[in-house]
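S.K.: So the sequence lines, in the order shown, correspond to chains A, B, C and D. This note's numbering numbers the first residue of the first sequence as 85 and each following residue consecutively. This note's numbering numbers the first residue of the second sequence as 85 and each following residue consecutively. This note's numbering numbers the first residue of the third sequence as 2 and each following residue consecutively. This note's numbering numbers the first residue of the fourth sequence as 2 and each following residue consecutively.
Treat each hint with caution, since some may be false.
[Stated by the list, open to error] Capping the alpha-carbon separation at 30 Å, the derived lysine-lysine pairs in BS3-like fashion look like this:
1. C:Lys125 x B:Lys229
2. B:Lys229 x B:Lys267
3. A:Lys234 x A:Lys179
4. A:Lys229 x D:Lys125
5. A:Lys234 x D:Lys125
6. C:Lys125 x B:Lys234
7. A:Lys179 x D:Lys125
[Said to hold, decoys possible] Among chain D residues calculated to face chain A with C-beta under 7 Å, some are:
8. Asp36
9. Val39
10. Thr40
11. Gly75
12. Pro80
13. Leu183
[Unchecked claim] Covered stretches of chain D (chain A as the covering partner; in silico rule of three or more C-beta atoms under 8 Å from a C-beta of chain A):
14. 41-47
15. 166-179
These aren't lab readings, by the way, just hints derived from the structure by calculation. Idealized CB from N, CA, C, for every residue including glycine.
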Amino acid sequence: MNATAYKKLINDPFDAVDEAIEGFVAAHSDVVAFAEPRVVVRRGPGSDKVGLVIGGGSGHEPAFVGYVGAGIADAAACGNIFASPPPNVVLAAIKAADHGRGVLMAYGNYAGDVMNFGLAAQLAAAEGIEVREIRVTDDVASAPKRDAAKRRGIAGDIIVFKCAGAAAEQGLSLADVERIAVKANSATRSMGVALSACEVPGAGRPTFELGDGEIEIGMGVHGEPGIMRGPLRPADEVAKILVDAILADIDDRGRGDVALLVNGLGATAYLDQYILYRGARRALEAGGVHVVRSFVGEFITSLEMAGASVTVTLLDDELLSYLDAPASSVRFTA
Amino acid sequence: MNATAYKKLINDPFDAVDEAIEGFVAAHSDVVAFAEPRVVVRRGPGSDKVGLVIGGGSGHEPAFVGYVGAGIADAAACGNIFASPPPNVVLAAIKAADHGRGVLMAYGNYAGDVMNFGLAAQLAAAEGIEVREIRVTDDVASAPKRDAAKRRGIAGDIIVFKCAGAAAEQGLSLADVERIAVKANSATRSMGVALSACEVPGAGRPTFELGDGEIEIGMGVHGEPGIMRGPLRPADEVAKILVDAILADIDDRGRGDVALLVNGLGATAYLDQYILYRGARRALEAGGVHVVRSFVGEFITSLEMAGASVTVTLLDDELLSYLDAPASSVRFTA
Amino acid sequence: MTTQLLRARILAAADAVEASRDELCRLDAGAGDGDHGVTMALAARAVRQALAASPEGSGPELITKIAMAMGSVGGAIGPIYASGLLAIAGTLRAPPPEQPSNVAELLACAEAAENAISGIGHAKPGDKTVLDALHPVVLALREAQSSGLGIDHALGAAAAAAREGAESTSAMIASAGRASRLGERSRGLPDPGASSFALIMGALATLSS
Amino acid sequence: MTTQLLRARILAAADAVEASRDELCRLDAGAGDGDHGVTMALAARAVRQALAASPEGSGPELITKIAMAMGSVGGAIGPIYASGLLAIAGTLRAPPPEQPSNVAELLACAEAAENAISGIGHAKPGDKTVLDALHPVVLALREAQSSGLGIDHALGAAAAAAREGAESTSAMIASAGRASRLGERSRGLPDPGASSFALIMGALATLSS
Ligand SMILES: Nc1ncnc2c1ncn2[C@@H]1O[C@H](COP(=O)(O)OP(=O)(O)O)[C@@H](O)[C@H]1O
Ligand SMILES: Nc1ncnc2c1ncn2[C@@H]1O[C@H](COP(=O)(O)OP(=O)(O)O)[C@@H](O)[C@H]1O
Ligand SMILES: [Mg+2]
Ligand SMILES: [Mg+2]
Ligand SMILES: [Mg+2]
Ligand SMILES: [Mg+2]
Numbered sequence: 085m086n087a088t089a090y091k092k093l094i095n096d097p098f099d100a101v102d103e104a105i106e107g108f109v110a111a112h113s114d115v116v117a118f119a120e121p122r123v124v125v126r127r128g129p130g131s132d133k134v135g136l137v138i139g140g141g142s143g144h145e146p147a148f149v150g151y152v153g154a155g156i157a158d159a160a161a162c163g164n165i166f167a168s169p170p171p172n173v174v175l176a177a178i179k180a181a182d183h184g185r186g187v188l189m190a191y192g193n194y195a196g197d198v199m200n201f202g203l204a205a206q207l208a209a210a211e212g213i214e215v216r217e218i219r220v221t222d223d224v225a226s227a228p229k230r231d232a233a234k235r236r237g238i239a240g241d242i243i244v245f246k247c248a249g250a251a252a253e254q255g256l257s258l259a260d261v262e263r264i265a266v267k268a269n270s271a272t273r274s275m276g277v278a279l280s281a282c283e284v285p286g287a288g289r290p291t292f293e294l295g296d297g298e299i300e301i302g303m304g305v306h307g308e309p310g311i312m313r314g315p316l317r318p319a320d321e322v323a324k325i326l327v328d329a330i331l332a333d334i335d336d337r338g339r340g341d342v343a344l345l346v347n348g349l350g351a352t353a354y355l356d357q358y359i360l361y362r363g364a365r366r367a368l369e370a371g372g373v374h375v376v377r378s379f380v381g382e383f384i385t386s387l388e389m390a391g392a393s394v395t396v397t398l399l400d401d402e403l404l405s406y407l408d409a410p411a412s413s414v415r416f417t418a
Numbered sequence: 085m086n087a088t089a090y091k092k093l094i095n096d097p098f099d100a101v102d103e104a105i106e107g108f109v110a111a112h113s114d115v116v117a118f119a120e121p122r123v124v125v126r127r128g129p130g131s132d133k134v135g136l137v138i139g140g141g142s143g144h145e146p147a148f149v150g151y152v153g154a155g156i157a158d159a160a161a162c163g164n165i166f167a168s169p170p171p172n173v174v175l176a177a178i179k180a181a182d183h184g185r186g187v188l189m190a191y192g193n194y195a196g197d198v199m200n201f202g203l204a205a206q207l208a209a210a211e212g213i214e215v216r217e218i219r220v221t222d223d224v225a226s227a228p229k230r231d232a233a234k235r236r237g238i239a240g241d242i243i244v245f246k247c248a249g250a251a252a253e254q255g256l257s258l259a260d261v262e263r264i265a266v267k268a269n270s271a272t273r274s275m276g277v278a279l280s281a282c283e284v285p286g287a288g289r290p291t292f293e294l295g296d297g298e299i300e301i302g303m304g305v306h307g308e309p310g311i312m313r314g315p316l317r318p319a320d321e322v323a324k325i326l327v328d329a330i331l332a333d334i335d336d337r338g339r340g341d342v343a344l345l346v347n348g349l350g351a352t353a354y355l356d357q358y359i360l361y362r363g364a365r366r367a368l369e370a371g372g373v374h375v376v377r378s379f380v381g382e383f384i385t386s387l388e389m390a391g392a393s394v395t396v397t398l399l400d401d402e403l404l405s406y407l408d409a410p411a412s413s414v415r416f417t418a
Numbered sequence: 002m003t004t005q006l007l008r009a010r011i012l013a014a015a016d017a018v019e020a021s022r023d024e025l026c027r028l029d030a031g032a033g034d035g036d037h038g039v040t041m042a043l044a045a046r047a048v049r050q051a052l053a054a055s056p057e058g059s060g061p062e063l064i065t066k067i068a069m070a071m072g073s074v075g076g077a078i079g080p081i082y083a084s085g086l087l088a089i090a091g092t093l094r095a096p097p098p099e100q101p102s103n104v105a106e107l108l109a110c111a112e113a114a115e116n117a118i119s120g121i122g123h124a125k126p127g128d129k130t131v132l133d134a135l136h137p138v139v140l141a142l143r144e145a146q147s148s149g150l151g152i153d154h155a156l157g158a159a160a161a162a163a164r165e166g167a168e169s170t171s172a173m174i175a176s177a178g179r180a181s182r183l184g185e186r187s188r189g190l191p192d193p194g195a196s197s198f199a200l201i202m203g204a205l206a207t208l209s210s
Numbered sequence: 002m003t004t005q006l007l008r009a010r011i012l013a014a015a016d017a018v019e020a021s022r023d024e025l026c027r028l029d030a031g032a033g034d035g036d037h038g039v040t041m042a043l044a045a046r047a048v049r050q051a052l053a054a055s056p057e058g059s060g061p062e063l064i065t066k067i068a069m070a071m072g073s074v075g076g077a078i079g080p081i082y083a084s085g086l087l088a089i090a091g092t093l094r095a096p097p098p099e100q101p102s103n104v105a106e107l108l109a110c111a112e113a114a115e116n117a118i119s120g121i122g123h124a125k126p127g128d129k130t131v132l133d134a135l136h137p138v139v140l141a142l143r144e145a146q147s148s149g150l151g152i153d154h155a156l157g158a159a160a161a162a163a164r165e166g167a168e169s170t171s172a173m174i175a176s177a178g179r180a181s182r183l184g185e186r187s188r189g190l191p192d193p194g195a196s197s198f199a200l201i202m203g204a205l206a207t208l209s210s
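Start from the sequences, fold in the hints, and give me the full structure.
M.R.: Have a look at this one:
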């Protein structure tokens, strides 16, 4: 690949986010509605439940709007491309999600999100809404184990959203929904690989460059540099590198049952994703871990980046029941 | 984009199809099972119903395996990349789908599929199974209106599979399921645009080349040349070109209600797909047509090709009821 | 033709196809879907496996196995070769050949294959398909028979005719197969299926009896 | 500073940021996510709209509007500017300035902004952030005040300090923000946020009172 600008099917790059959300809400008006231009809420919200607000920068579609719906999130706050939504947008999402029992905010652990969601929580508290938060930190490539709380959130988001959303739907208290979210996050680890770059609309150039035949292990979901650049390898080897790094990070495997999620970053074909899934599953089972739930597809993308990530969640009966509980968002149904 | 080989997350290119299907069946063993290595069948098949067999070349994932499940197809026959499955594979799918009330084969209209599915139907007939077929011909760019029966099948496949599968699930006779399939196909038109190429694993080079800033309107879902090459344009203009070509092909709009499906070809971001959806919907409504059902995502891809297609289906109450009927395949749930 | 020579010829054809994988993909990329070299390479692999799995057996039996192997790759080219080769196997089976192999028999095989292929694909010479390389083979073998050529020379003439036939497809507009929807734009490159068939004929002719 | 001059300075800063969009994206691509130029350009657009929508109003009122506009872009940089600018607006509001504008007031603004930004982002000078360009501004204004410089010269010194500060971040390892997870690999390029801040300071200083 050379560094020529990517071809995109967009109009004015500055309008891309709003137009895409407008398209999303128009296409899925049976599931979602606008609260305001950057806040998408579920239609027919459950009452008397804890609200779940998710969100983050755009460019990760179908995240985050795709996870708004019964059994998952009540509202998604959408930022500019790869930029956290500002506090007023998050606040509007909190208000839309609040039914008097408090609101949990779940988002990936990035400096911008931490500041903006944090400010929004302060504003909401000033209006009498109780807000807690979970910062997803599943990317094992982004910090060593001793700094696990500093890690980035990538596709593990989806597992945390699903479990927390199910707990909220079942009427648990804010403290209990938060506990489930924390537990799901602690049980979840991911690592990704990038094969080619993406380009922020309007930036005029890809975010990074990879040579022909070169890949980057551990790259972030916004193109943040990873931990190892090397030659393109067979999918099974890549799967093993990712799975081994994940397994090495786990101290206690519990009963050894896991959910395995393979996330396509954008340009990588389903064909490849399923081959990577197969390799990851084999690597896990060779490591003594049993895959009992599987998800393959594009869940949280990096625009048109080529590559994929592997996410492993250790399951006990409690997490499994929340993972399996009914859900009817656009991107995740159960 | 230059013509450097694409980076793929695969192992031996010759094993890619089998490994991907193996991954798919392992990941979704709650929905599907193997009948034999290239034949994927639904778990818990309905009895006393007409069988629906779908299939075609691989490289279009999630098609065709993603549409096997209750309410849609009973079996998918998978070929090599961009190559129809051979007669014995289709025959095995027919046998797996047969419950004594006959089998409808639904597939895109390509010379290879016509020959292989046709031979399989003859073999099945020799074994006493009644087989009918529908060749999907939705791609308006592939032949003029007077030769509509010669057109290729692209994303319209999904609409035809869904309607025929629902009719079969509801217990209709083979003749009636065939009638619904024919009706859905006649009501469905598509046109696509390619922004960059894909590469058949093992071919060592992309199937075609597009210059920087160049797109091709009307390109087929295997990279077959389209009808117009030109500069990259804003998404709204592209949407209008595609929609206008589709509308110009329709003589009778019925009551003017349509389903709109935007299909990503592989590398194009969801962000772009939803922007294209928005533009297509506006173009349709400007043309006096009302969008009542919407689908956006990757339904039938061309490996990692960048681009998308727009599919429009004219709906009456009968087609709408089959489109809305319950379904639980991996890629399409309702 | 001894089955030993037949096996050697088939292996030579498999070699030739595999060596041209990229080139055949390139030709198919022009107006098709870019996979013809890969599909033919998969076919060659299946053929090698079939040969290895059938160390015994008569010529017709072997050709039936090869037909199944070629058919197993599917696509457009699979059933074309399968039907052509099954027709050849049928021709060789009945009536049992009086002599080991002669030009008349070769001609009968080529005619049977052509009929079978146009039967299954509804194409005719001039449509820019395999038939544009196969039909000249039939004509060349007819000519060889009437002028009393020996089998090796007849095969050589057939291979040359296939090559010329394949080359002639460059100027044609496709009327069958994937490229048939392109009209004028299908002109310019030779048909991939005709080209691979010419390669195969060339390989078959390199070994003399 | 008259509000007319303030508006002109803000527009000059918006121009400077927009002109460097690609370059700021390039810097952010190094260890971040490649969007900083786009985000700052969006911020510049929002600032222009805010100015156009508020033709009247005092300096503090205007700065509050600019703070909201900068904050509206989100990301890491949005709340950084919003909190810094709101602190400046607060400083200018109370107590009401005795004179139109002086170096002491400028220094108070810079200190307030630095405090607010390190409060919200928990970063400190040396962490490779905006603060590495802002902290030198505080030092330069302190120096300007003690040596009795006029406001134009003080602003010039502040801009130069910001530029040097931003340049100095090339050698730093990031300890805050997106790049903080890269360790050694975050070295080499200057911090994008420090660089855009230096551009803004430079633009503010080009117009003299
Ligand atoms: N109807 C037909 N009759 C004869 N040959 C055909 C027909 N359709 C296609 N072919 C041959 O098949 C070739 C393409 O083979 P291949 O690329 O393997 O199949 P596909 O078109 O399925 O990708 C064409 O070049 C042509 O020679
Ligand atoms: N915690 C922080 N404190 C101060 N400045 C920060 C902090 N985190 C990030 N920044 C600044 O923000 C800049 C990145 O801005 P931008 O690219 O717009 O945001 P994002 O990281 O969300 O993409 C960094 O270069 C740095 O100067
Ligand atoms: Mg960003
Ligand atoms: Mg093909
Ligand atoms: Mg082909
Ligand atoms: Mg950034």
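S.K.: For every hint, state whether the structure bears it out.
M.R.: Evaluation of the provided hints:
Of the supplied pair hints, the one linking Lys125 of chain C and Lys229 of chain B holds, its CA atoms being roughly 24 Å apart against a limit of 30 Å. Under the criterion of a C-alpha separation no larger than 30 Å, the hint pairing Lys229 of chain B with Lys267 of chain B is consistent with the structure, at around 17 Å. With a C-alpha separation of about 28 Å, the suggested pair Lys234 of chain A and Lys179 of chain A falls inside the 30 Å cut-off, and the hint holds. Note on Lys229 of chain A and Lys125 of chain D: the hinted pairing holds, with a Cα-Cα distance of about 24 Å set against a maximum of 30 Å.
Annotation: proposed proximity of Lys234 of chain A to Lys125 of chain D holds, straight-line Cα distance about 17 Å (limit 30 Å). For the given pair, Lys125 of chain C sits about 17 Å from Lys234 of chain B by alpha-carbon distance, which is consistent with the 30 Å threshold. Taking the CA atoms of Lys179 of chain A and Lys125 of chain D, the gap is about 34 Å. The hint is violated against a cut of 30 Å. For Asp36 of chain D, the interface hint holds, since its Cβ comes within 7 Å of a Cβ in chain A; the closest pair sits about 5 Å apart.
With its C-beta approaching chain A no nearer than about 5 Å, Val39 of chain D sits inside the 7 Å limit, and its interface hint holds. For Thr40 of chain D, the interface hint holds, the least distance from its beta-carbon to any beta-carbon of chain A being 5 Å, beneath 7 Å. Here the hint on Gly75 of chain D is kept, as its CB sits about 4 Å from the closest CB of chain A, short of 7 Å. The interface hint given for Pro80 of chain D holds, since its Cβ lies 4 Å from the closest Cβ of chain A, which is under the 7 Å cut-off.
About 6 Å separates the beta-carbon of Leu183 of chain D from the nearest beta-carbon of chain A, less than 7 Å, and the hint is met. By the rule of at least three residues with a Cβ nearer than 8 Å to a Cβ of chain A, the coverage given for the region 41-47 of chain D holds, with 3 such residues. As drawn, the region 166-179 of chain D meets chain A at 3 residues by the rule of a beta-carbon pair under 8 Å; at three or more, the given contact holds.
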